[in-house]
Amino acid sequence: MRVTFRVNGRRQEADDVWEGESLLYVLRERLGLPGSKNACEQGECGSCTVRLDGVPVCACLVAAGQVEGRDVVTVEGLADYAKQRSAGGGCATAACGTSGPGTSLDAARQWESRPTDSATGEGTATSPRATLSPIQQAFIDAGAVQCGFCTPGLLVAADEMLERNPNPSDADIREALSGNLCRCTGYEKILDAVRLAAARQSEGV
Amino acid sequence: MDFLRPAGWEEALAAKAAHPTAVPIAGGTDVMVEINFDHRRPEYLLDLNRIGELGEWEVGEDTVRLGASVPYTRIMEHLRAEMPGLALASHTVASPQIRNRGGVGGNLGTASPAGDAHPALLAAGAEVEVQSVRGSRLIPIDAFYTGVKRNALAPDELIRAIHIKKADGPQQYSKVGTRNAMVIAVCAFGLALHPETRTVRTGIGSAAPTPIRAKAAEEFLNAALDEGGFWDNGKIITPSVAKHFAVLCAAACNPIDDVRGTASYRRHAVGVMARRTLTWTWESYRGTARTTEGAA
Numbered sequence: 001m002r003v004t005f006r007v008n009g010r011r012q013e014a015d016d017v018w019e020g021e022s023l024l025y026v027l028r029e030r031l032g033l034p035g036s037k038n039a040c041e042q043g044e045c046g047s048c049t050v051r052l053d054g055v056p057v058c059a060c061l062v063a064a065g066q067v068e069g070r071d072v073v074t075v076e077g078l079a080d081y082a083k084q085r086s087a088g089g090g091c092a093t094a095a096c097g098t099s100g101p102g103t104s105l106d107a108a109r110q111w112e113s114r115p116t117d118s119a120t121g122e123g124t125a126t127s128p129r130a131t132l133s134p135i136q137q138a139f140i141d142a143g144a145v146q147c148g149f150c151t152p153g154l155l156v157a158a159d160e161m162l163e164r165n166p167n168p169s170d171a172d173i174r175e176a177l178s179g180n181l182c183r184c185t186g187y188e189k190i191l192d193a194v195r196l197a198a199a200r201q202s203e204g205v
Numbered sequence: 001m002d003f004l005r006p007a008g009w010e011e012a013l014a015a016k017a018a019h020p021t022a023v024p025i026a027g028g029t030d031v032m033v034e035i036n037f038d039h040r041r042p043e044y045l046l047d048l049n050r051i052g053e054l055g056e057w058e059v060g061e062d063t064v065r066l067g068a069s070v071p072y073t074r075i076m077e078h079l080r081a082e083m084p085g086l087a088l089a090s091h092t093v094a095s096p097q098i099r100n101r102g103g104v105g106g107n108l109g110t111a112s113p114a115g116d117a118h119p120a121l122l123a124a125g126a127e128v129e130v131q132s133v134r135g136s137r138l139i140p141i142d143a144f145y146t147g148v149k150r151n152a153l154a155p156d157e158l159i160r161a162i163h164i165k166k167a168d169g170p171q172q173y174s175k176v177g178t179r180n181a182m183v184i185a186v187c188a189f190g191l192a193l194h195p196e197t198r199t200v201r202t203g204i205g206s207a208a209p210t211p212i213r214a215k216a217a218e219e220f221l222n223a224a225l226d227e228g229g230f231w232d233n234g235k236i237i238t239p240s241v242a243k244h245f246a247v248l249c250a251a252a253c254n255p256i257d258d259v260r261g262t263a264s265y266r267r268h269a270v271g272v273m274a275r276r277t278l279t280w281t282w283e284s285y286r287g288t289a290r291t292t293e294g295a296a
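Chains as they are written, first to last, in the UniProt record's numbering: chain H, 1 to 205; chain V, 1 to 296.
Bear in mind the hints are in silico, worked out from the structure with no lab data behind them. One or more hints might be untrue.
[Claimed, not checked] Stretch by stretch, here's where chain H covers chain V in the computed footprint (C-beta under 8 Å, at least three residues):
{"id": "1", "region": "30-36"}
{"id": "2", "region": "159-165"}
{"id": "3", "region": "178-185"}
{"id": "4", "region": "223-237"}
{"id": "5", "region": "256-262"}
Heads up, the beta-carbon is just placed ideally off N, CA and C, and yes, glycines get one too.
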């Protein structure tokens, strides 16, 4: 079957989708978005966390056919999503944005897979190169990335929590990330990163 | 495999009537695991995500009519006052990601003895509203679970909503697991005080082939509370009464040894949870009684 939906603000079509296929498989294997990781395939590890109509879910447990006509944000779109949210001062989903979400064609053509300089923080506003979202930058600055496999899911989950709850307590952070496993057990640094992002957010940095 | 995508409830019922083997999928948190692991290859998947009313609820005078697909997250956020036991149970479900998708309808459809919602539904008192093209019926929650992962649904029926009695007193829920998140219950216990009828109801999860009530324990406690005038005098429940209640709750179990725990551990833990939840709810009931008196 064919599934048409929006991913990171762009309309996407996937063809020959098997009826029992998961959203995660469609993202990774059909749309070339391998940021969401495939580990447990049973909702246990959270490494495939994406936002479905704004809500964090495990992409491995969403049937592909269920996303028809809906809006998905993956870790690949997190920087854009965060940028739009701070510009729009609220909802960053494509449904309520009128400014045309996603990456412009020009920007897409100029994109290079070069990491942003972590020393200088996110790239300059004029740079067409994809910059990092505040939560991504905080993960780098706090040393919260080890093997990196759990990172995409944690970023999506943490970003959503900070959107909902700008001043989270440690208990709030632990609860929001309780569905994401890190087998390097780097949880302390991950908590540091989320605290850092929250602090920067409240200071308007 | 065929993916059926009804746009409305009537269409969904028609699809289920035409294809009784179709597996309904809402949050997908049970169904997709089985498909991902190749444990199940249903002929048809019946997607219920596009049926908006399944995600809605109505708070009536005596009951809450909870749409089958209302996610646990919504129950925790919006229905804590009306259904404190179910809200507590919802909070023990898996993780935020899963609670954003899963709902009570799926828990009932799967009818696993370990489903987190069941003890809370049994304790509160509930009826399951099921529908087919033939019509609609309400199944009392006590008659809903018919075996391990079996329920009273006919092949052409779908769960539309759950009618849950609004709390008229304190309710508690307790669950044993190896950690706080992402854990299937080793065993679980729900308890609800019903001061209006002066009764106590219980629900036990993961300690018998189906979720069950500890009926003998309920009868004993109801009689003991009545005899001692506890509902009126608001006294602390006598430790010997609480202890015997716990023993009877443990005796109601019919558990097995499995990877999550032994039968004897489950029996023991159910007794401990019974005593604790009784103490918590009763303390809360006494507190309420005192506040009311003070205010009057």
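Structure-based check of each hint:
1. Counting residues of the region 30-36 of chain V whose CB lies closer than 8 Å to any CB of chain H gives 5, which reaches the minimum of 3, so the coverage claim holds.
2. Counting residues of the region 159-165 of chain V whose beta carbon lies closer than 8 Å to any beta carbon of chain H gives 0, which falls short of the minimum of three for the stated coverage.
3. Given as covered by chain H, the region 178-185 of chain V passes the check, having 3 residues with a CB less than 8 Å from a CB of that chain where 3 are the minimum.
4. Coverage of the region 223-237 of chain V by chain H is violated [criterion: at least 3 residues with CB-CB distance below 8 Å; count 0].
5. Against chain H, the region 256-262 of chain V contributes 0 residues with a C-beta closer than 8 Å to a partner C-beta. That does not satisfy the three-residue criterion, and the hint is violated.
In the structure shown, a violation is registered for the earlier hints numbered 2, 4 and 5, in ascending order.
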